[in-house]
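Protein chains in written order, with the working numbering: chain U, 327 to 694; chain X, 327 to 694.
Among these hints, one or two may not hold up.
Since the list can't tell identical chains apart, any single copy or any two copies may satisfy a pair.
Taking lysine-lysine pairs in the BS3-like style, the calculated list, with each CA pair at most 27 Å apart, reads [what the hints assert, rightly or not]: (1) K625 with K568; (2) K403 with K358; (3) K657 with K568; (4) K645 with K659; (5) K491 with K659; (6) K647 with K657.
No lab work stands behind these hints: they were computed from the structure. Owing to the predicted nature of the structure, the values given are computational and were not obtained by experimental measurement.
There are 2 protein chains.
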Amino acid sequence: MLVNGKHHITIWTEKKYPSIIYTIDQNLLPHKFEIIELKSSSDIISAIKNMTVRGAPLIGVTAAYGIFLAAKEAYAKNLNINRFDNYIYRKSEQIKSTRPTAVNLFNAVENSLNQIYRERTKVKKVEAAFVYAKYLSDYEINSCRAIGKFGLNILKNILKRKKDKTINILTHCNAGWLGCIDYGTATAPIYFAHKEKINLHVWIEETRPRNQGAGLTAWELMHNNIDCTVITDNAGGYVMQKGMVDIVIVGSDRTTFNGEVCNKIGTYKTALAAKDNNIPFYAALPVTSFDFKIKDAMKEIPIEERNGKEVSHIRGLYKEKIINARITPQKCKVRNFSFDITPSKLVTALITDKGIIKPDVRIIKKLI
Amino acid sequence: MLVNGKHHITIWTEKKYPSIIYTIDQNLLPHKFEIIELKSSSDIISAIKNMTVRGAPLIGVTAAYGIFLAAKEAYAKNLNINRFDNYIYRKSEQIKSTRPTAVNLFNAVENSLNQIYRERTKVKKVEAAFVYAKYLSDYEINSCRAIGKFGLNILKNILKRKKDKTINILTHCNAGWLGCIDYGTATAPIYFAHKEKINLHVWIEETRPRNQGAGLTAWELMHNNIDCTVITDNAGGYVMQKGMVDIVIVGSDRTTFNGEVCNKIGTYKTALAAKDNNIPFYAALPVTSFDFKIKDAMKEIPIEERNGKEVSHIRGLYKEKIINARITPQKCKVRNFSFDITPSKLVTALITDKGIIKPDVRIIKKLI
């Protein structure tokens, strides 16, 4: 999507089998737009861990590039083939341990390893890792495009019954192109509708503690000329009560076959408010975010608990510098739960790259 | 309650008919504990407007002292009795226009004016204004004490069925002694239970945009040795989903006879989460927060919309200075709705100074 009028994606290389992976430092947004270079599997691990890159699809692609860089490192070390595979495996375990909740990370790593293991020579293995990373990146772009097209139909249907011809969409966190490679998941229908000149306005819940709504979603929508307003997470229920929201669209970091949506903390409360006000609530996601293995989302999906400093302190811009300001008393206990689970009873439907699906195990299993 | 081991109330005078009203500057908390002097009705108006004092009961008492200071000013100006009353009336209108949502403010001003108007001499009028302010302050303290005793019974009942003997309470915003004169409303049962050595733990939702939870509730509970943990507003639903909350207690800025609770923005979402998890949800309030006139809370209660800077920027401590750091992109649109309405279907009961009341018009009208 556009940044200062120029098209960007979130992760790219300048040539085949490169030494450098380029990405946007999302910790500096919305205050500074800076492209950074990831040159080793360790760089990749840090970037995922400290959330330089974030968002389930982008984490997956970054992880795949991490495996590729690990393969290159193993190659440069001139290891025998067993040690070569072993080096990559050890790195893959480190990559998988960066963040626990989004399933894309694990799938990307496993799939990349499978591609590597089926090759016999080191050169072929390095190639296979690169080809998979590039494939996954393109695949995610296409998925988001498909989500956009399916979601557009939902917005068009809402438009039919709207008198003032402006659709009010509410979203939580950033399931935008910044969290993906391009288009985004929750934002894809918005960008497609905007292209068709449908009048839109987006309420963005700021999404404490890391403010990906206020910082990232607002930033990317503004750069793409989408009318939007940031509100606190607390205010999401109020704007719904007041009839100022037509539809809620969020992303999903992991989705179960029962249609439960594990997404950024606060999604559950927002979904409850949508339900209470008869506002359709959609999660937009590539089918790769489904986790076949989960039977009980509440018990089985590991919910990341991040550093309490993200709660006790808030990052913002002060005198042109990005700083962390403390909001709690000193020595105050804090907990920082990062995701929650929205039960399927609150989900109108899932907007996937394979179509719009009711959150029902029979329907999901049929389509996936 | 205690601050650094010493008992404090939130607003006081050192003598009868004083020139100075003392209060705590709540904009500096939790970072600095500073007592400030209010010396004129204009000081009172600024203090309420910029939230140096806040919380429905405290706003009411501060407003009453504001009318007293206005009466003193009128007296000093040596006006004739008509102009004297007129001066106070004009000031009372300014005081009423400071904040629109909490009903205590209007009631305090009206009641004080009634006391003044029934007196014939200027000296008596000044006296009446002071006596009323002091009466209201004492009345609020007694109300909170009564709320605490009634609420304590609810906590004792929960304790009976708890195996681990620690009651987990969740609260939103600050309905603590800082928002009242002493004890608080939502916190009064907590302080009374603590005094009876009942094991408690309080989850505090930080309460964006002004973080009265993270800044004020955490501060006052810590100073009174209550075990507590700050979480984001978004995480309130999650801790309930995980079975980590036994009861939710919040305050109320205005309550209708139908049992609707108008309280700090985000209360509605929290109440929805409590309902969805079968967790009892109580609003604690003095009966003075009831508004007889409201028939349709959603349409009739004026919801304050404050400066957007409270959303685009967050106040915190950086290098020992209280600063405002920007979290949104420049030129980003924001809206700052300050209250929402929790429908009575989500309210288990109201903990009032007259007893625990179901949110039902027939029951409320009988008891009040």
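At most 27 Å between CA atoms: does that hold for K647 and K657 within a copy, between copies, both, or neither?
both (26 Å within a copy, 18 Å between copies)
27 Å Cα threshold - placement of K659 relative to K645
Answer is between: at 21 Å across copies they meet the 27 Å cutoff, but 29 Å inside does not.
Which holds for K403 with K358 at a C-alpha limit of 27 Å: within a copy, between copies, both or neither?
Answer is neither; intra-copy 37 Å and inter-copy 57 Å both fail.
With 27 Å as the alpha-carbon cut-off, assign the pair K657 and K568 to within, between, both or neither.
The answer is between: 25 Å across copies meets 27 Å, while 39 Å in one copy does not.
Given identical chains, is K625 near K568, meaning Cα to Cα at most 27 Å, within a copy, between copies, both, or neither?
Classified as between; 9 Å across copies, 35 Å inside a copy.
Go through the copies and call it for K491 and K659: within, between, both or neither, with a Cα cutoff of 27 Å.
between (47 Å within a copy, 20 Å between copies)
Checked against the numbered hints given earlier, this structure breaks only hint 2.
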